[in-house]
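Peer 1: Listed here are the chains, written in short residue letters.
2 protein chains.
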Amino acid sequence: MNLLNFLNNHFNTAFTSEDQLPFRSTPRSIAKGTIITDYSKIEKHIYFINSGIFQMTIQHDLEEKIIDFYFADSFVCAYTSFIRQTPSDVRITALTDCMVETIYYDEVQAAYKESLLANKLGRVLTEQIYMIKSSREKDFLIKSAEERYAELIARRPDIIKLIPGYKIAQYLGIKPESLSRIRKDLAIRITH
Amino acid sequence: MNLLNFLNNHFNTAFTSEDQLPFRSTPRSIAKGTIITDYSKIEKHIYFINSGIFQMTIQHDLEEKIIDFYFADSFVCAYTSFIRQTPSDVRITALTDCMVETIYYDEVQAAYKESLLANKLGRVLTEQIYMIKSSREKDFLIKSAEERYAELIARRPDIIKLIPGYKIAQYLGIKPESLSRIRKDLAIRITH
Chain A
1 MNLLNFLNNH FNTAFTSEDQ LPFRSTPRSI AKGTIITDYS KIEKHIYFIN SGIFQMTIQH
61 DLEEKIIDFY FADSFVCAYT SFIRQTPSDV RITALTDCMV ETIYYDEVQA AYKESLLANK
121 LGRVLTEQIY MIKSSREKDF LIKSAEERYA ELIARRPDII KLIPGYKIAQ YLGIKPESLS
181 RIRKDLAIRI TH
Chain B
1 MNLLNFLNNH FNTAFTSEDQ LPFRSTPRSI AKGTIITDYS KIEKHIYFIN SGIFQMTIQH
61 DLEEKIIDFY FADSFVCAYT SFIRQTPSDV RITALTDCMV ETIYYDEVQA AYKESLLANK
121 LGRVLTEQIY MIKSSREKDF LIKSAEERYA ELIARRPDII KLIPGYKIAQ YLGIKPESLS
181 RIRKDLAIRI TH
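Those sequence lines, one after another, are chains A and B.
The numbering used here numbers the first residue of the first sequence as 1 and each following residue consecutively.
The numbering used here numbers the first residue of the second sequence as 1 and each following residue consecutively.
None of these hints come from the bench; they were simulated from the model.
Note that the Cβ used here is the ideal one computed from N, Cα and C, for glycine as well.
Among the hints, a few may not be true.
Stated by the list, open to error - Derived list of chain A stretches under chain B, where covered just means 3 residues or more per stretch with a C-beta under 8 Å from a C-beta of chain B:
| hint | stretch |
| --- | --- |
| 1 | 75-83 |
| 2 | 141-154 |
Unchecked claim - Simulated pairs of lysine to any residue, SDA-like, Cα-Cα distance not exceeding 20 Å:
| hint | chain 1 | residue 1 | chain 2 | residue 2 |
| --- | --- | --- | --- | --- |
| 3 | A | 41 | B | 120 |
| 4 | B | 120 | B | 109 |
| 5 | A | 138 | B | 120 |
| 6 | B | 138 | A | 16 |
| 7 | A | 167 | B | 139 |
The shape of chain A in the complex, shown without the other chains:
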């Protein structure tokens, strides 16, 4: 899906041309393996994903963990860095060849000054990702790795299907061996 259709679907708008959007977007193809935002860089873009998969990672004590995977028809951005214009503590990498529409920081800020629509879009999209973060915070606080994995199977089968196991372990914040054990335990529970 392109950005125009996405916005029309989610905001009851009736855009027929890119020119009607409060900020320009530029199509770009990104090769598998490309880092579009790196550690310590300042995020200058929001990407709307037309096709492909990205991952967002964070490093600590030389270990890398995965914050999330991003699929078609959603946005990806080092958003804290984007909001504050401070160095990013995350890296965004294309896991497949991807097509995106790029939105530029300066244009978003200019639109935010005067445009009711831009602020509505920004508010509602920020509410959406707030709810995702809030839900993950709750999961980390109250749920075991087993429960979080079982929910991933139920709620985000795209991740289970398309992402290799060692990356799913990095996403759950556990060691690959722990994920293997969880998978075995779940399989036993399902077959018995």
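Starting from the structure of chain A, add chain B where the hints point.
Peer 2: Frame of chain A, contents of chain B only:
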């Protein structure tokens, strides 16, 4: 601080009267121990805290964990429930006698329809709490309970000073015994 001054400080506005705000707010005093939003209720308010402390909790398998503590000059709200108007999975309780200014869901939604300022306020405040949630998600993903406790001491001394230990353990997502051990280890490291 009252809401008017808070907004003037954070948004370069120059409100001189409540009537200029895009939504009304109503002062209310809340007694220590009062539950202002309960599990399964639909959140109809955002509270700006003039004085006092609130906690937000979540339940799982009969165990209660603390999502966060909220102090004066900030907002508290079961925000996912507020946005979606679905039953809340969190409870908000006054830990002390509190003074708040209450903002009503219906008025916020009405203001969001037409008001540039309301959408700017909503967007920027949602960006702020997004960043808090995102940061806590990262902490859970990459940091040990020890590291999270050490950071709490450094960054949020108000919590260490004002909140009892068993509640800090519920906030860190660990058992009170584990917090005692962490505190001892830290004390040894500091004195040696």
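Peer 1: Work down the list of hints and note, for each, if the structure agrees.
Peer 2: Verification of the hints:
1. 75-83: As far as the stretch 75-83 of chain A goes, the hint holds, because 3 residues have Cβ atoms under 8 Å from chain B.
2. 141-154: Holds: 3 residues of the stretch 141-154 of chain A have a Cβ under 8 Å from chain B.
3. A:41 with B:120: Roughly 27 Å separates the two Cα atoms, so the pair is violated.
4. B:120 with B:109: Status holds; Cα separation ~13 Å.
5. A:138 with B:120: violated (27 Å)
6. B:138 with A:16: Given that 20 Å is the threshold and the Cα spacing comes to 39 Å, the pair is violated.
7. A:167 with B:139: holds (18 Å)
Of the numbered hints stated above, those contradicted by the structure are hints 3, 5, 6, listed in ascending order.
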